[in-house]
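Visitor: Read off the chains here:
2 protein chains.
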Amino acid sequence: MTTSQLIQEIKRKKSFLCIGLDVDLNKIPKHLLEEEDPIFAFNKAIIDATHHLCVAYKPNTAFYEAYGLKGWKALEKTINYLNENHPEIFTIADAKRGDIGNTSTMYAKAFFEDLAFDSVTVAPYMGKDSVEPFLAFENKHTILLALTSNQGAFDFQTKTVDGKEVYKQVLETSKTWVNSENLMYVVGATKAEYLVDIRKIIPNSFLLVPGVGAQGGNLQDVCKYGMNDTVGLLINSSRGIIYASNDTDFAASAAQKSEELQKEMADILDASSF
Amino acid sequence: MTTSQLIQEIKRKKSFLCIGLDVDLNKIPKHLLEEEDPIFAFNKAIIDATHHLCVAYKPNTAFYEAYGLKGWKALEKTINYLNENHPEIFTIADAKRGDIGNTSTMYAKAFFEDLAFDSVTVAPYMGKDSVEPFLAFENKHTILLALTSNQGAFDFQTKTVDGKEVYKQVLETSKTWVNSENLMYVVGATKAEYLVDIRKIIPNSFLLVPGVGAQGGNLQDVCKYGMNDTVGLLINSSRGIIYASNDTDFAASAAQKSEELQKEMADILDASSF
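Read top to bottom, the protein sequences are chains E and L.
The numbering used here puts the first residue of the first sequence at 1, with every later residue one more than the last.
The numbering used here puts the first residue of the second sequence at 1, with every later residue one more than the last.
Honestly, the hints are just simulated from the structure, not real lab data.
One or more hints might be untrue.
Because identical chains share one entry, a pair is satisfied inside a single copy or across any pair of copies.
[Said to hold, decoys possible] Below 20 Å or equal to it, Euclidean Cα-Cα: the simulated EDC-like pairs (lysine to aspartate or glutamate) are:
id, residue 1, residue 2
1, K27, D114
2, K109, D129
3, K159, D129
4, K13, E88
5, K109, D24
6, K73, D37
7, K70, D24
8, K73, D221
9, K73, D114
10, K140, D24
11, K175, E138
12, K77, E193
13, K140, D114
14, K70, D114
15, K159, E172
16, K73, E113
17, K70, D37
18, K13, D267
19, K77, E88
20, K14, E259
21, K44, D247
Turn these sequences into a full structure, and let the hints steer you where they fit.
Guide: Below is the structure:
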């Protein structure tokens, strides 16, 4: 999917919501455990109930790998279901991968070809040659970790390197990489005030923003500091939506939570004349 | 496996060789492609031919994920084969994972419980709460990326933070984490001279050293600067061993290459009176 198709979809749906499909078998409604594939059954119900309210889905691969082969199978069924039924929706493999060149190419093939996601999250620690293999794929997007939403972000990301924080160094350096136009960035909502400085470095890039909701981030603040003239934001909510209820009404509850966020987003978009 | 069991095995085999099982279907002998599971058939042959010469095997997960479900299945068969037939061998899932707390726990379960590896490689960018969930598993080891063997290591890892390079900051900070005794570190062989400073910070930890062979690192230098009084090194070779031949003699050729390295290691160990 191209970035302009994503922007078009945001305007059409009046939404820049991304729903995180982080399926934990201990948290999903008990009745689903009787299904042949409870993980996929859960995802399908969530997707069917919410696809008109969001523009992206983001399965975090950890939740699938933890269940071994059946988890990987459920991930494959989920991305195939999305691509077949909702090709207009942007898909994110939240995998936080990154390795030396030829190995990163294998990861890129795994997520862009074998599983056919539109994008994958990548960790920057190993530098240029660990990220460029992902950037080489046309109309695919590499979402680089810049400033994450967790407390550990302050261990290294915000430390000052040559007068500049590590995450800013990551942003600036990444702009020099081949095919850097295929980059997006992870910026945690719990650090909304940082977005002012971030937008000075990457004014035009899309930001994937986790941490709204369960982790305490504020949607209004993120939009105030982070929105650009093509919106430029994908706001992720996982637990706040998919575990809104753990009873038979879980999908309807997820839709309701999604709609609350979508309406808030529509108001923000209207106020900004998008 | 405990660290002292690993040390015992190093002394018994006179080897601190780790063999990287990075299976690329384009590189393995053609006749194996007729097997039902070519990836596992290749790994099994390599393991059968080399297990007496090495103390660790390290499948890089990228090479398995790139083949989707059948790749993950081959990874599962490989770790099960190792655990059943060679429980004395240290196993490393080279996965370079890392995420926020509850998500890292899912990754730890994937590699320590579902796949039952002894260790997993983890990226440090997201800090303390992204790594501690791995450290919580008893007799399991978390191998933190410190200074990697690729060119991109110079993009961020060697940049100076408050008068100290990022990788040194990672080493020092990681020592303060809960259960830090379960940490080992990745340090690339292509930067052997850095080992002097690294050993000042982490004198007792095991180092996983990639980059000997194909990537140009030198075994003698690594040992000179990196060895400690319990050896403290696992030297990885992947392509140099497993692709020594791509004909029907591939396993014998892999054993020969392994033996060359093992003999060099035995000489070094003898000279150091281990």
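Visitor: Evaluate K140 and D24 at a C-alpha cut-off of 20 Å and name the case that applies: within, between, both or neither.
Guide: Neither. Shortest intra-copy (28 Å) and inter-copy (23 Å) distances fail the 20 Å Cα cut-off.
Visitor: For K109 vs D24, is the C-alpha pair at or below 20 Å within one copy, between two copies, both, or neither?
Guide: between (26 Å within a copy, 12 Å between copies)
Visitor: Within a copy, between copies, both or neither: which one fits K77 and E193 at a CA-CA cutoff of 20 Å?
Guide: Neither: 38 Å inside a chain and 48 Å across chains, both beyond 20 Å.
Visitor: How would you label the pair K73, D37 (within, between, both, or neither) given a Cα cut-off of 20 Å?
Guide: both (9 Å within a copy, 18 Å between copies)
Visitor: Could you figure out if K70 and D37 sit no more than 20 Å apart (CA to CA) within one copy, between two copies, both or neither?
Guide: Classified as both: same-chain Cα gap 8 Å, cross-chain 18 Å, threshold 20 Å.
Visitor: Please work out whether the CA atoms of K77 and E88 approach to 20 Å or closer within one copy, between two copies, in both situations, or in neither?
Guide: For K77 and E88, the Cα distance is within 20 Å only inside one copy (17 Å; across copies 37 Å).
Visitor: Using 20 Å as the alpha-carbon threshold, which applies to K44 and D247: within, between, both, or neither?
Guide: within (16 Å within a copy, 46 Å between copies)
Visitor: Up to 20 Å between alpha-carbons, please classify K13 paired with E88: within, between, both or neither.
Guide: Within. Shortest intra-copy distance 11 Å satisfies the 20 Å Cα cut-off; inter-copy 57 Å does not.
Visitor: First find the shortest C-alpha distance between K109 and D129 inside one copy, then the shortest across copies, and answer within, between, both or neither for a cut-off of 20 Å.
Guide: within (16 Å within a copy, 29 Å between copies)
Visitor: How do K159 and D129 come out at 20 Å by Cα distance, when the copy is not named: within, between, both, or neither?
Guide: Classified as between: cross-chain Cα gap 16 Å, same-chain 23 Å, threshold 20 Å.
Visitor: How would you classify K14 and E259 at a CA-CA limit of 20 Å: within, between, both, or neither?
Guide: within (11 Å within a copy, 64 Å between copies)
Visitor: Go through the copies and call it for K27 and D114: within, between, both or neither, with a Cα cutoff of 20 Å.
Guide: Close across copies (19 Å), not inside one copy (29 Å); limit 20 Å.
Violated hints for the displayed structure, listed by number in ascending order: 8, 10, 12.
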